[in-house]
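**Q** Sequence:
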Amino acid sequence: MKLSVIMPVYNRERYVVAALRSLVRQRDAADLDIIVIDDGSTDGSVEAVRSMMAKNPCIRLFRQENMGVTRTRNAGLKLLKPETELVSFLDSDDVSPAGRFRADIACFHADPNLELTYSLMMLVDGIDDDRLEPEPGSNFMSVRGIHLSAAIFSRKLVERIGGFDEAFSQAEDTDYLLRTFESGPRFVMPDTVALYYRRHPGNMTKQTDTSLREFMRAIHKSMKRRKADPSLCGIEGIFDVKELANWRFL
Numbered sequence: 001m002k003l004s005v006i007m008p009v010y011n012r013e014r015y016v017v018a019a020l021r022s023l024v025r026q027r028d029a030a031d032l033d034i035i036v037i038d039d040g041s042t043d044g045s046v047e048a049v050r051s052m053m054a055k056n057p058c059i060r061l062f063r064q065e066n067m068g069v070t071r072t073r074n075a076g077l078k079l080l081k082p083e084t085e086l087v088s089f090l091d092s093d094d095v096s097p098a099g100r101f102r103a104d105i106a107c108f109h110a111d112p113n114l115e116l117t118y119s120l121m122m123l124v125d126g127i128d129d130d131r132l133e134p135e136p137g138s139n140f141m142s143v144r145g146i147h148l149s150a151a152i153f154s155r156k157l158v159e160r161i162g163g164f165d166e167a168f169s170q171a172e173d174t175d176y177l178l179r180t181f182e183s184g185p186r187f188v189m190p191d192t193v194a195l196y197y198r199r200h201p202g203n204m205t206k207q208t209d210t211s212l213r214e215f216m217r218a219i220h221k222s223m224k225r226r227k228a229d230p231s232l233c234g235i236e237g238i239f240d241v242k243e244l245a246n247w248r249f250l
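Start counting the sequence shown at 1; every next residue gets the next number (UniProt numbering).
Watch out, some of these pointers could steer you wrong.
DSS-like, lysine-lysine: derived pairs with alpha carbons at most 25 angstroms apart [claimed, not checked]:
(1) LYS2 - LYS55
(2) LYS2 - LYS78
(3) LYS2 - LYS81
(4) LYS81 - LYS156
(5) LYS2 - LYS224
(6) LYS156 - LYS221
(7) LYS55 - LYS81
(8) LYS55 - LYS156
Hint data in this document are derived by calculation from the structure and do not stem from the laboratory.
Given the structure is predicted, the values throughout are model-derived calculations rather than measurements.
Make the full structure from the sequences, and use the hints.
**A** As structure tokens, this is what we get:
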């Protein structure tokens, strides 16, 4: 199956090669199309991506002036190939575990009407970039979190949900996932670990005031939508929000 993975990049020279390597090692599990959108990086991110492209023609690189992550994700959606059947995401500082795509894509083969898989994420404060695995002795926790990379979407579901809400500077992924589950997709929740979420000093979500405000705004918008339209599905029981709130490694 043709799987497009959208990766926004902004000043991630330090991490982006590991992120890309974690994807291309899974080429045997899917017909991979990796869409990298550089959002006006000022470091060596573009050169780092290009270093991977010569031997990996499944990587496509696009450049734009800095527009922020929300518009960059939308730019990626506009670059899907006509033959794309499945869509996923990976942030340029995270890692896709070996075997993830093989495990979750099998669900789509088993059920032709499936629209979404939503798996686990592992929060970890140390990743070995050679092995692309958590470092020995690192702190980690696996949860059903709120992260685009935990999902694989069918193309028809992506087209039904539409783009990311560009009114969000952060939590656009939360809003997108809430809208997705509200729509009542046919989904399964495998116990696959879908990503290693790398905790480091540059995480956008460490901008606590902004991230909390935007997260709460996404929740509020979801509540308003469901109140206005009772046909929308509830989201209770999908995300392990309490577990995430207890994570205090860094």
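**Q** Hint by hint, note whether the structure agrees.
**A** Tested hints:
1. Simply put, LYS2 and LYS55 have alpha-carbon atoms about 19 angstroms apart, close enough for the 25 angstroms limit, and the pair holds.
2. Restraint check: the Cα-Cα separation between LYS2 and LYS78 comes to about 16 angstroms, which is no more than 25 angstroms; the hinted pair holds.
3. For a cut-off of 25 angstroms, the pair hint linking LYS2 to LYS81 stands: about 9 angstroms separates their Cα positions.
4. Pair hint LYS81 plus LYS156 holds up; C-alpha atoms about 13 angstroms apart against a cutoff of 25 angstroms.
5. Taken as a hint, the LYS2 and LYS224 pair is broken in the structure, with Cα atoms around 36 angstroms apart against an allowance of 25 angstroms.
6. Between LYS156 and LYS221, the direct Cα distance comes to roughly 24 angstroms. Compliance with the 25 angstroms bound is thereby established for this hinted pair.
7. Taking the CA atoms of LYS55 and LYS81, the gap is near 21 angstroms; set against the 25 angstroms cutoff, the hint holds.
8. Restraint check for LYS55 and LYS156: the C-alpha separation of about 31 angstroms exceeds 25 angstroms, so the hint is violated.
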